[in-house]
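These protein sequence lines are chains H and Z, in that order.
Quick note on numbering: numbering that gives the first Met the number 0 labels position 50 of the first sequence as 49, and the sequence is numbered without any gaps.
Quick note on numbering: numbering that gives the first Met the number 0 labels position 92 of the second sequence as 91, and the sequence is numbered without any gaps.
Don't read these hints as lab results, they were simulated from the structure.
Owing to the predicted nature of the structure, the values given are computational and were not obtained by experimental measurement.
Please note: incorrect hints may appear among the correct ones.
[As the list claims (entries may be wrong)] No farther apart than 25 Å at their CA atoms in a straight line, the calculated lysine-lysine pairs in the DSS-like style are these: (1) Z/K111 / H/K4; (2) H/K100 / Z/K111; (3) Z/K184 / Z/K100; (4) H/K110 / Z/K184; (5) Z/K184 / H/K184.
Residues per chain are reported as follows:
Protein chains: 2
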Amino acid sequence: MELLKQKIIQEGIVLDGGVLKVDSFLNHQVDPELMMEIGRTFARLFRDSGVTRIMTIESSGIAPAVLTALELGVPMVFARKRKSLTLQEDLYTEKVYSFTKREESEVTVSKKFLAPAERVLIIDDFLANGEAALGMARIIRQAGAEVAGIGIVIEKSFQAGRGKLLEQGYRVESLARIASLEGGKAAFV
Amino acid sequence: MELLKQKIIQEGIVLDGGVLKVDSFLNHQVDPELMMEIGRTFARLFRDSGVTRIMTIESSGIAPAVLTALELGVPMVFARKRKSLTLQEDLYTEKVYSFTKREESEVTVSKKFLAPAERVLIIDDFLANGEAALGMARIIRQAGAEVAGIGIVIEKSFQAGRGKLLEQGYRVESLARIASLEGGKAAFV
Numbered sequence: 000m001e002l003l004k005q006k007i008i009q010e011g012i013v014l015d016g017g018v019l020k021v022d023s024f025l026n027h028q029v030d031p032e033l034m035m036e037i038g039r040t041f042a043r044l045f046r047d048s049g050v051t052r053i054m055t056i057e058s059s060g061i062a063p064a065v066l067t068a069l070e071l072g073v074p075m076v077f078a079r080k081r082k083s084l085t086l087q088e089d090l091y092t093e094k095v096y097s098f099t100k101r102e103e104s105e106v107t108v109s110k111k112f113l114a115p116a117e118r119v120l121i122i123d124d125f126l127a128n129g130e131a132a133l134g135m136a137r138i139i140r141q142a143g144a145e146v147a148g149i150g151i152v153i154e155k156s157f158q159a160g161r162g163k164l165l166e167q168g169y170r171v172e173s174l175a176r177i178a179s180l181e182g183g184k185a186a187f188v
Numbered sequence: 000m001e002l003l004k005q006k007i008i009q010e011g012i013v014l015d016g017g018v019l020k021v022d023s024f025l026n027h028q029v030d031p032e033l034m035m036e037i038g039r040t041f042a043r044l045f046r047d048s049g050v051t052r053i054m055t056i057e058s059s060g061i062a063p064a065v066l067t068a069l070e071l072g073v074p075m076v077f078a079r080k081r082k083s084l085t086l087q088e089d090l091y092t093e094k095v096y097s098f099t100k101r102e103e104s105e106v107t108v109s110k111k112f113l114a115p116a117e118r119v120l121i122i123d124d125f126l127a128n129g130e131a132a133l134g135m136a137r138i139i140r141q142a143g144a145e146v147a148g149i150g151i152v153i154e155k156s157f158q159a160g161r162g163k164l165l166e167q168g169y170r171v172e173s174l175a176r177i178a179s180l181e182g183g184k185a186a187f188v
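All chains should be modelled from the sequences, with the hints used to inform the complete structure.
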């Protein structure tokens, strides 16, 4: 997605350790026109995948996910992230490790909002090691539902996430694929 | 907003202690068409208020806030909630107490995304005791900016929040005002 790549080049800040900061349009400040364009693009890519629901994880996935849901005319559910939780029967729960924050959190979705017959499109802001997307996919399979695809706003293609998701047979569509952040500059695949 | 009231009547679940659960369309599962309608309504109400930016707090405020921002053609910023934080110079920080969770968290906004000349519309999913909205308003004043107004999806009018906000001179527009949850049923103002 050309508009997104331009935003990354113009506003993205590369920090030490392969971190790309895009808090001017995605993670903190949000550009609503860009989110609308992202929603339209995901909807076009997955229009024929029989998607019945969008799933994301709070917080930065919510804006692109709700606009994709609006375009596809399906409900969205955002998984809740919590540090630890007593087991609750009405929730699907998976542990997800964040390499950025170096902590494990529990990701939960209410059983009410995920039925066995569903085809779920996972949307997330970033794909790096794939832990968040894999956790959501496990929740979808726990429910007996199917992963219709995985839509990623920014993929760090130099990390292992994409490979892990493809290995499990999922279709992955990333709107911007970063090949490298060397020399403080984003280079695309 | 009639559509929202119907949703609350049909899908809202009243729990003990004056809690209204609306996780089927606002807090966990999100109804994108309803969010679009909410965004349009807030945009109409505040069209002439010279709004330059929308502010909300993660996570449930993000969906209505991004659609309001889309309609008004302005950027949105969502404040980050954290349990505790070492003081960082590049952030505006305010303490916000949550009566529901019985804990205090720090709410932060990057100084980059809030300038002195701005007129900021606060959007939030719920207004009860007003702590979150007051925290955001303090952050806006810290920046030397102005609160253009406060847009609330669901107001618990039997709690103190609205009064506190009006006392400080803010314009408050709530799309559904709940007078009581007695007998397990939502009654509107």
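Which numbered hints are broken by the structure, listed smallest first?
As far as the earlier hints go, only 5 is violated by this structure.
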